[in-house]
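Student: In order, the protein sequence lines correspond to chains G and F.
Numbering follows the numbering used here, in which position 11 of the first sequence is assigned residue number 11; successive positions increment by one, without gaps.
Numbering follows the numbering used here, in which position 458 of the second sequence is assigned residue number 458; successive positions increment by one, without gaps.
The set of hints was computed from the structure by calculation and includes no laboratory data.
Where a beta carbon is used, it is the ideal one built from N, C-alpha and C, also for glycine.
Just so you know, nobody snuck in bad clues.
Some chain G residues well away from chain F (every beta-carbon gap over 10 angstroms; in silico): (1) Lys31; (2) Gly61; (3) Tyr62; (4) His84; (5) Ser101.
Quick look at which bits of chain G chain F covers, simulated, 3 or more residues with Cβ under 8 angstroms: (6) 12 to 20; (7) 37 to 50; (8) 103 to 116.
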Amino acid sequence: MRLIVHNMLTCNIKGVINKFPLRIEAEKVIKKEVDFNPDFLRHMLAKIEWKALVDGARSMGYTELPDHAPALESDEPFLRKFHHALLELNLEEGSLVCQESGRKFPVEKRVPNMLLHEDEV
Amino acid sequence: MWFLCVFYHRLLDFRKPEVEALAELFGEDESIQWRLPEHHHNDTPFHFVHLSSEEIAQNIAKRSILVKGMYELWGEGTCYEELKDSIQSFPDSRKLPFLTSDSTFRISVETFGKALTFDEQKERIHSLTYIPFEGKVNLKNPDHNFFLMEMDESEESNGLPPIVQRRIFFGREVGFADRKLLPTFQLKSRTYLGPTAMDAEMAFLMANQAKASSGKLVYDPFVGTGSILVSAARFGAMTMGADIDIRVVRDGRGPDCNVWSNFKQYGLPAPVALLRMDNNVPPWRSGLKEIFDAIICDPPYGVRAGGRKSGGRKILRGTVDPYTVPEDKRTGHIPSTGAYSLVECVHDLLHLAARMLVMKGRLVFFFPVLRDESGSEVKFPEHPCFKLVAVSEQILSSRYSRVLLTMVKVEPYSEEIEEAARLMHLEFRENHLKWLEEGNIHSSVFKPSTDSSQIQTESKTFKDPKPKYRGKYV
Chain G
1 MRLIVHNMLT CNIKGVINKF PLRIEAEKVI KKEVDFNPDF LRHMLAKIEW
51 KALVDGARSM GYTELPDHAP ALESDEPFLR KFHHALLELN LEEGSLVCQE
101 SGRKFPVEKR VPNMLLHEDE V
Chain F
1 MWFLCVFYHR LLDFRKPEVE ALAELFGEDE SIQWRLPEHH HNDTPFHFVH
51 LSSEEIAQNI AKRSILVKGM YELWGEGTCY EELKDSIQSF PDSRKLPFLT
101 SDSTFRISVE TFGKALTFDE QKERIHSLTY IPFEGKVNLK NPDHNFFLME
151 MDESEESNGL PPIVQRRIFF GREVGFADRK LLPTFQLKSR TYLGPTAMDA
201 EMAFLMANQA KASSGKLVYD PFVGTGSILV SAARFGAMTM GADIDIRVVR
251 DGRGPDCNVW SNFKQYGLPA PVALLRMDNN VPPWRSGLKE IFDAIICDPP
301 YGVRAGGRKS GGRKILRGTV DPYTVPEDKR TGHIPSTGAY SLVECVHDLL
351 HLAARMLVMK GRLVFFFPVL RDESGSEVKF PEHPCFKLVA VSEQILSSRY
401 SRVLLTMVKV EPYSEEIEEA ARLMHLEFRE NHLKWLEEGN IHSSVFKPST
451 DSSQIQTESK TFKDPKPKYR GKYV
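Excised from the complex, chain F in its bound form:
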């Protein structure tokens, strides 16, 4: 069945992957098909999606962050005459069950790119008298909600072609988003925050990409203040987190202001465990594998927070031998940590995920990329156990973006695969730009503007530089 899916006009790259992940979560077994309305550009909020049942559409809309609503389309057209013809040719067998005299209904008028006066809206609703509504009108809580959506050609001030053309849709609402979710979980009312706490909207999007749900165990190896785990917990998953910074994970800012209190604040079950450990030297027992259903995280890019691993700066460089802390100073000693480059950090993450994720489990994480206009393709880290199923860019500044990568585990972990992965990692490190390899994305982001001739030609961007709409920046 085809449904009209109307998205909130933001985070454009994240919209379809979210719907696809949720469809899979709710039991969709056929592959999702998408279709654009006539004359609409891919960035339009309106898309037609093919799903096996109304129930799946309803479940997706309810849990989704970016889907405003899902509608069964009764008709469409470029003018009201076309709309009438279209609605009248929609089979009665599909319409009549929702127009019965014992049901209540409401018709809402929504416009995109313009505003209508109350009288204009009433006029449009009255023009639909050819539809045999038998039921009673109930504006507060109707059984059936109908939407008349009208849009004109949107005028983009940046000279780019419009994303929507004049079009009118009429449909029955099948599912809609939970609009209380984001205001409830917004960071500004969060008990314990850190500088890199993930904002609620993005955390929920990540949890959706990971298909977090009841009965599953979700892990965040860079848990920080737990912002990502909070959303996974909200969707019913059991959560577990680790971090190398003991001040964040054990102490927080006090007994009522720490990671645990973030969960308590929303009445969510606390994580099953919070650990202080180094992902580079993990303490997992050797037989342990395939225990997490999803790993969701935001590894340190080295811009606002750098990654750390065991070993002080001098030890890692070999200037000094690993020293032994005297017995009397051992308790309470905080071991020194050294720089942990992004590439090495991501390699360890992939290795962890390859081993600890269940088959078909998902790894969802952010990877920073420098924005550049010179057309060559961006390379993302890879691992033979994983298939990359979604790539969504969030523009952070004119200099750089971060990309949310969703990978699904398709091959079981083995010694052979680990060897192949190690070679892939070495190759990735070779090809990755020198300054990124040394964790110097920080300096590339913060260095003063230079003219483009100084930017190296091997820098990476996406294949086709997409016209960047305002919506993408949010």
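Bound-form chain G, shown alone:
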């Protein structure tokens, strides 16, 4: 699981209010190189919840992201860091934990399992 998708996910158990972001419990993190595409990154930058990305990156061991996204987004060194955090950090095994209910969504073989149990729907 990469941070790009972590930034989209919530805990959708019925009745939970504080659903986003899910806290990452990392057991195995792998770094995998991905081609740098500034156009794609700029599109994503507009949609990302920045704080969740920074916290997520920290839980996966990457602390180089600035606390706020810079106004001048075409700054290349920044885009490189953003690229690395968004796409190159892979959570192979671990869980995503709902801050409110404590429910753990497992991440196994890079795939998060967001399916709810029968009583949570």
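Dock chain F against the given chain G, drawing on the hints supplied.
Tutor: Just chain F, lined up with the frame of chain G:
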């Protein structure tokens, strides 16, 4: 500029929409116009298309699956005398730049509906001596490729009128298809396959309808083995997929035989994410919207693979209350899933697309229809955020077809629109045939033949029953 567009003679309904989508992708800003050659029927492989530049024509041909080639027409006629007159009246200013002495060229003879011997072909090429070719002939890799296309009236054995009449075209090739694409990506050499994996040709057609390209994010909510995403990735898009079946999306058949390995096989970038989730209860955060450039998918029709959503059969019917799984059994519990009718599934898909597609983003998906001869119009699912821009039928059997729908998002998502969409969905469900609503397209397809008097009169077909040519069945 008008170009002669020659199509491969298959998937007839898919041809023009593909060209139109690609034209838009390559920057065509005027609306595409089409013209038929004299006496040709719409099913002909030959069409004239108006595009703003040769560059766009070349780009379209190169990426297209169904365009065999695009040509600048130098002349046409029903016989070689007419052809000569036609070519000679084509302005020199358009011809001479491609006939210069420092260039190389080749003339190929192509025939449709007949075969010519080598000598007959040579004879035809020699008849073109009135064209002042100054350059040298190079048969392997010429600068300019000229095509002489000859066809006779095609005789259709089913008694239908011919689609082409005797005609001869002569033109300069402007663009041609990449013929290595399909053999490279064909399913029979794919690492990980599933029963409903989309065949390579159709997957590329879908990716073209969606205008997949570099810098875009494409999503498939029914990813399965990833066959559709593979083509989008081949065209440069970043991809993402989700499925409710964890065995397919997480496990595959092993560490070297899963969705990820399908991408690795072709050296394509892996999807940015694969998720296991239920489209009926999606886990997206509430502020998230307009993030996907395209959504391309093949939802389950309930014929060879049925859709599933959360909740067991008994829970969904209310026979049993949602039960709580005891703590010690919770990890590794696979939640029960129940039947997810086609109509509900498509409604959720439209809702997802309305919210998550960027403006002008495309939703491309297949919708099954029962084939019936009784003339009433087919109704497709609708949503106020979308404009339907293409409908292409692929006949699957004598009983049913699937239709590829291309919708473009033209209105931003809002609470009001969602309410209007909900009413549209209810109306669609009411009017949709009872057995289709219950996801029983499966039984209609597989039930034994009955005579037509038993088929209900409100069944839907297309407005004008088109004569079905052999080509359409492929």
